[in-house]
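Modelling step: build the complete structure from the supplied sequences, incorporating the hints.
One line per chain: the protein sequences are D and Y, in this order.
Just remember that our numbering sits 46 ahead of the position in the first sequence, which is counted from 1.
Just remember that our numbering sits 554 ahead of the position in the second sequence, which is counted from 1.
Quick caveat, the hints were computed from the structure, so don't treat them as lab data.
Be aware that one or more of the hints could be misleading.
[Claimed, not checked] A partial selection of chain D residues facing chain Y, derived with a Cβ cut-off under 8 angstroms:
(1) T168
(2) F174
(3) I314
[Unchecked claim] Here are some of the chain D residues that sit facing chain Y, going by a computed Cβ distance under 10 angstroms:
(4) E135
(5) S172
(6) G173
(7) K188
(8) M264
(9) V299
(10) V308
[What the hints assert, rightly or not] Now the in silico label distances, taken between C-beta atoms and shown as ranges:
(11) D:F50 / Y:F735: 46 to 56 angstroms
(12) D:Q330 / Y:E732: 43 to 53 angstroms
(13) Y:Q736 / D:A54: 49 to 59 angstroms
(14) D:V124 / Y:T982: 33 to 43 angstroms
Backbone N, C-alpha and C fix where the C-beta goes; we use that ideal spot for every residue, glycine too.
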Amino acid sequence: MEQFTQAAINGIMLGGFYAIMVLGFSIIWGVMGVINLAHGEFVMLGAYITWFVSRQLGWEPFLAIIFVLPIMFALGYVLQRILINRIIERPHLISLLVTFALAIIMANAVKLAFEATFRSVTTMFSGFWRTGFGNVTIPITKSMVLVSALLVMLLLHLFLQYTRLGKSIRAAAQNREAARLVGIEIKQVYALTFAICIAITGLAGMLISPTQPIYPFMGPVLTLKAFAITALSGLGSIPGALMGGVVLGLVEVFIATYIPGVGTNLGIVSSFVILVVVLVTRPQGLFGGLKPAEAV
Amino acid sequence: MFSKRLLLIITVLLLLLAACTGSQAEPAADNTTDTEADSSTENTADTSEETSEETADEGDGECAGTIVLGSAVSSTGKYAREGKDTSQGYDTWLDWVNNEYGGIKVGDECYNVEIIYYDDEGDPDTAANLVERLITEDEVDFLLGPYSSGLTMSTSAIAEKYGMVMVEGNGASESIFERGFQNIFAVLTPAGNYTQSALKSLADQGAETVVVAYEDTAFPTSVGEGAIRWAEEYGLEVLAVETYPIDVADVSAIMTKFRDLEPDVFVGGGHFNDALLFVRGAQELGFNPQAMVITVGPSNPEFVAEVGDAANYIIGPTQWEATMSWEDEYFGTAAEYAARYEEMWGEPPTYQAAESTATALALQLAIEQAGSLEMDAVRQALFDLDVVTFYGPINFDETGKNAAKPMGAIQIQDGVINVVAPSEAAVTDLLYPMPAWEDR
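Listed below in structure tokens is the structure:
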């Protein structure tokens, strides 16, 4: 029972990270139909900004948020205006090529700037709380990741539901032409959506930096994982991302905990098995979500 | 209708992405490394002055020709960091042999050396293709090894196919040497012996139980299986063994299982990133073994920089440390080698760098002993080689392993990497047990 509780805690913590990590990927895909192959690299970039700030200024890593959010937002906005907006209404393959190129450029630029050494960020919130239930502990850093993830999701949900811009974003996602007809300036909406998503993605990078080693080529694995979770959660759905992330986190950790020897391997395999099963049986995702922008 | 198309796109995408994860980088460029003539040439140890005097009359430009060596080494991908150490190690030798030693002596002639590098991106298939290209298109004379056992595995098969000698210092997995190959020579201690001296010291200190976790690739598997073997040899009980895949990002499940077993010793076999994950994982779940033995990470000075105080008490196997007492007539003592390296690259050498330099040195000595560039003669000279270098003794057995060199163990103590085993090389005592995370 102790082990079960601990596994559940570990799984939910992992799920929290997955949820915030996948959010930007899922919304960009849902709203503008762009599959961002550079997604993992944006996570990496957020983590590197955090590492740089905490190493150079000696700050607590989580304070790096005041750099991560504006820098990533600006980067997202600029990239969208000069690059992504030009390809949004082209065939899918073009956006794949462009974002893939972005991924290569970013990974290698970071490698040139900071070398390929694995980096790690030390936070004062390392360690754990004892629950008083046997050996069961709650990791402090990862709970902060989970709480931040929930908070960001709540804010984003409120933003999409109740603000004018949020409504424009949803309108643009549902029907680009109709949104244009009612006077929504679609390029501006797209640029802001992309900027917000990249900022959140960078934030995810910041949040994981104390729990995982970071290095310039960490991106592709995260992008791949984002695919699997998006398939599970449906495009652009916030509750979906949370559920998808947590389901995947729990599945991975439970398999890893209860299968001796090779559990961790099987746990990671399981996420891709789930991907295939969901795509075959429920291609719109388990939890609905935004309707994807029409392909081509 | 739409969903089918989406399904198709995603499937294609995933395939594309899977194919691309190993090759994020630009196609390998022809990076023929120039010798770093600007630095380190003044740094002559006593011993090397003698040799340079002998050859002073020959001068640089008068050599009979150029020996071209080739190597696929990661400059991007998972092994970019260790790959850099590897190529810097080779280049330290290259600079020394061309500018100080006066070229490789073959009979009465001297030969300058050139090394052609390709970026293998950490991918075994890419590395194999590049080595094939080095042999068939660049027509190199001999091969130097890549970084990591996995890549050495794939590239040595190509070298064997063409009967081309490959000397390496960064592929320690036993499986490399179990294929009956005649062209692979490794200067480093094989992976199965990595944890031997650490486990022996810990058993002497009273440790009784061990848990082992290792990445399921060639080198960590050899380390892990070796650890199990040595643990049993020294009377330690192995409570659990766990494996994990190469790009693992979460080891909390492994740490949870291990925590409940309350072992005395944790052995983690992996690479640098896994070492970070293990320390973080143990710290955040309150997993408190009496000792943590982790490969590759702890012996690298960067590890302390990245992990901070949590790195203290961690034990790591080491192929080589600058404080060890080995010495040769080429690079001087281990410490003199380290000083030369630091002057050249602005950072202290890791053992990966030192063993790479030793790799090239072993090839050079074999060529000189053979007195010829003939492949068969050099191969035989490698089998016959029996020398002590700044890196330790080198004496290849019939499979190409260096059976002569013992493995050391270091422990991080107050942020300093100290050799604690074997006793003849130790500079300080092993601190055991390590305090619980809460009590630090």
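**Request:** Have a go at the S172 of chain D hint: is there a Cβ in chain Y nearer than 10 angstroms to its own Cβ?
**Result:** Where the cut-off is 10 angstroms and the nearest Cβ of chain Y is about 6 angstroms from S172 of chain D, the hint holds.
**Message:** Does G173 of chain D hold up as a contact with chain Y if the rule is Cβ-Cβ below 10 angstroms?
**Reply:** 7 angstroms, holds
**Asked** At a threshold of 8 angstroms, is the proposed contact between F174 of chain D and chain Y supported by beta-carbon distances?
**Response** 5 angstroms, holds
**Asked** Any CB of chain Y closer than 10 angstroms to the CB of V308 of chain D?
**Response** 6 angstroms, holds
**Item:** Satisfaction of the hinted span 33 to 43 angstroms by the C-beta atoms belonging to V124 of chain D and T982 of chain Y
**Value:** 54 angstroms, violated
**Message:** Take the shortest C-beta to C-beta distance between K188 of chain D and chain Y; is it under 10 angstroms?
**Reply:** 7 angstroms, holds
**Message:** Let's test the interface hint: is any C-beta of chain Y closer than 8 angstroms to that of I314 of chain D?
**Reply:** Constraint on I314 of chain D satisfied, holds at 6 angstroms.
**Prompt:** Quick one, is the V299 of chain D hint okay against chain Y at 10 angstroms, beta carbons?
**Reply:** Constraint on V299 of chain D satisfied, holds at 5 angstroms.
**Item:** Satisfaction of the hinted span 46 to 56 angstroms by the C-beta atoms belonging to F50 of chain D and F735 of chain Y
**Value:** 49 angstroms, holds
**Message:** Is 43 to 53 angstroms respected by the C-beta to C-beta distance linking Q330 of chain D and E732 of chain Y?
**Reply:** 51 angstroms, holds
**Request:** Starting from the hint 49 to 59 angstroms, judge whether the C-beta atoms of Q736 of chain Y and A54 of chain D obey it.
**Result:** 55 angstroms, holds
**Prompt:** Does T168 of chain D pass the interface check with chain Y, least Cβ-Cβ distance below 8 angstroms?
**Reply:** With a closest approach of 4 angstroms, the T168 of chain D hint holds.
Comparing the model with each numbered hint stated earlier shows that hints 4 and 14 do not hold.
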